[in-house]
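Enquirer: Given next are the chains, with one letter for each unit.
Number of protein chains: 2
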Amino acid sequence: MPGGMYGHESVTKLPVPDSYPQFMSRGRGAHVWDVDGNEYIDLMCSYGPVVLGHQHPKVEAAVRAQEAKGDCQNGPSARMVELAEALVGRVRHADWAMFAKNGCDATTLALMIVRAATGHRKSLAARGSYHGAAPWCTPELVGTTPEDRANLIYFTYNDLESAQAAAAEAGDDFAGVIVTPFRHDAPLDQELVDSSFARGLRALCDASGAALILDDVRCGFRLHLGGSWEPIDVDPDISAWSKAIANGYAISAVLGNDRFRTAATEVFSTGSFWFSAVSMAAALATLEAVAEERAVETMQARGQALRAKLDEQAMQWGIGIRQTGPAQMPFLTFDGDVDLTMANAFAAQAIRRGVFLHPRHNWFVSAAMTEEDVSRALEATNEAFGAVRRLQDVE
Amino acid sequence: MPGGMYGHESVTKLPVPDSYPQFMSRGRGAHVWDVDGNEYIDLMCSYGPVVLGHQHPKVEAAVRAQEAKGDCQNGPSARMVELAEALVGRVRHADWAMFAKNGCDATTLALMIVRAATGHRKSLAARGSYHGAAPWCTPELVGTTPEDRANLIYFTYNDLESAQAAAAEAGDDFAGVIVTPFRHDAPLDQELVDSSFARGLRALCDASGAALILDDVRCGFRLHLGGSWEPIDVDPDISAWSKAIANGYAISAVLGNDRFRTAATEVFSTGSFWFSAVSMAAALATLEAVAEERAVETMQARGQALRAKLDEQAMQWGIGIRQTGPAQMPFLTFDGDVDLTMANAFAAQAIRRGVFLHPRHNWFVSAAMTEEDVSRALEATNEAFGAVRRLQDVE
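Just so you know, the protein sequences line up as chains Y and B, in that order. Using this note's numbering, read the first sequence as starting at 395 and increasing by one per residue. Using this note's numbering, read the second sequence as starting at 395 and increasing by one per residue.
Mixed in with the good hints, there may be bad ones.
Remember, identical chains collapse to one label, so a pair may be satisfied in a single copy or spanning two.
[Claimed, not checked] No more than 20 Å apart at the CA atoms, straight line, and that leaves these computed lysine to any residue pairs for SDA-like:
| hint | residue 1 | residue 2 |
| --- | --- | --- |
| 1 | Lys463 | Pro451 |
| 2 | Lys463 | Gly431 |
| 3 | Lys463 | Trp427 |
| 4 | Lys463 | Asp428 |
| 5 | Lys463 | Thr550 |
| 6 | Lys463 | Arg515 |
| 7 | Lys407 | Asn651 |
| 8 | Lys703 | Ala480 |
| 9 | Lys703 | Thr764 |
| 10 | Lys703 | Glu773 |
| 11 | Lys452 | Ala462 |
| 12 | Lys452 | Asp428 |
Don't read these hints as lab results, they were simulated from the structure.
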């Protein structure tokens, strides 16, 4: 592999590569093991996809049953219709569904549909928001060209005026806005959405016939059983999904309303594995289990318990921290930690003590996490805070 | 689903939608069943991915064993290293490997690497060649913008002068050439590569420091156990792979030589499921089985037997046909069939008689096809030719 490893799972890019295992062996519930046999409490959940915990019995059973029949075939299986119906039934704004493999396939397809529907080229995106790693959206510009982003205009998350200015710049070539449910740009503090900002984006789109696209890839089904902006009562026209919807099996989805159905029919986007049945069977089982097991509530409860105690620990050690974002997707940063020295030390100590978390990327809680798992994780974080304290004392 | 179904597996776009089953149920070997229980001899192989036949025991066993441990985790499994080593050992030009999900991820990543390495923007592609369905390459322009293709310059497949002219147009901004192993642009007759054209592209790249990218997504491991241009002794710098390498499990790969290693390290491209272990385990088992079972030779033999007899049948019915491309990826067109009336009638009759083939897209033979399967398929094609004959007689 070039450079040892690439992409978001490369530990070569972590400031503490020696502390992190590069290769994983297996997982069960909220526990994961690396190839050297070390066990960790999992606070990354494979960077989001694992929502019910590793090896969830219901999901795995659905996978095995579908695999015995077929996966990638000359046509989709009936699972595709069942999954489309389940998602359209569950997500308020959705009248139709399409499926792909990567979250980035879904965000890219959403933009294509919006351009086809409006006949316009310009889309608005928040500066620094992650929508995938294709040339139009990868956070690193290496290997991209200015033309890849020629039709994007940037605004600042939660700053409606900046979005209005971007829309004005798009003028009569304004196709749509793509936005995440809250601001989760690594390595910054997370920032919940201001509901007046969300409503303002909706109004901005309505005023010009542009589309509002919610990039629910990272948050979908972790915050809410429908779309992540249903609790604040803002419906997008199109939403992009992936990660948690099949508990780790590779799938993404684009959901849309009837206004964009014709355009979705006219765009040609496809992939060899986009119709494969196994990940759709996994998604169906995942959606059912997330509802039945009240997984969102469990993740929230465990996340809140973790967060409360982390605050307490930091205070006891006399360390200033900030915990941001929803409890199910926690993130911890240190006051004054400009170069991430404290975050790195904290993460390195945590991973050595058996808690898999990340110094620069938001964490994820799964519904498989038990109260005992939270307690075990907290023992490790207490010692990790101690190490940060000693680091500060030395300085 | 918008329009009933989307993408290449949509039968709504086939001229004989009522004849084709939209939803498939299961497969075994070279046999597939639709959701109504109709059985077919499979001459599409899921549009390429199924190379050893459906439910190949060795591949399925590797999948089950890996699934019991883990698939999508906080880091890749050891399977990733094993697969990279297997591919680099098997494909002559390759010194390193990266993995993704879609063939289009691999072709897109290849272009990014080439741009990063050369610092140039312009890439050359054959007009009409299929390299995926992202905005820069989808065959339908709906939802794309001119900027998506601003850095592509087109040439004509097998026409070296046109490629030289395209390179001249790129001038000192010439990054690379992306090309398929042979011309397989639906619905045209297939066209094998002229080896002097391939050598000419290699020389064109060498003269300017540009990269030669072989898009082996559709052909890889169906024509040859290494890269598809090894038999004609032309090595690309980078190659893109997907479809057949994991017998239907979702994976793609980019292989490259050491000249492009640094650039591959610097580009940031990634995906939630790009490190998943199950499809890598499937690919390892597939590569082993393709070699052990001499799958390429079997596909070639079955394809040749099919082709010879199809020629005979057409002659006996007095119908002029052309069979083009490699025997493992057969395609049949009818003389003077400008509007595909004959191709459609032939395909409609074949599918009704239990042979799954396509009127407009090349077919695929799997190594699971037995001589008896070929005979059964030929009984159906003989009757299908008869129907085409009657159609001609009526006219």
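Enquirer: Against the structure, test the hints numbered earlier, and report the numbers of the ones violated in rising order.
Expert: The structure conflicts with hints 5, 6, 7, 8 and 12, although it agrees with all the remaining ones.
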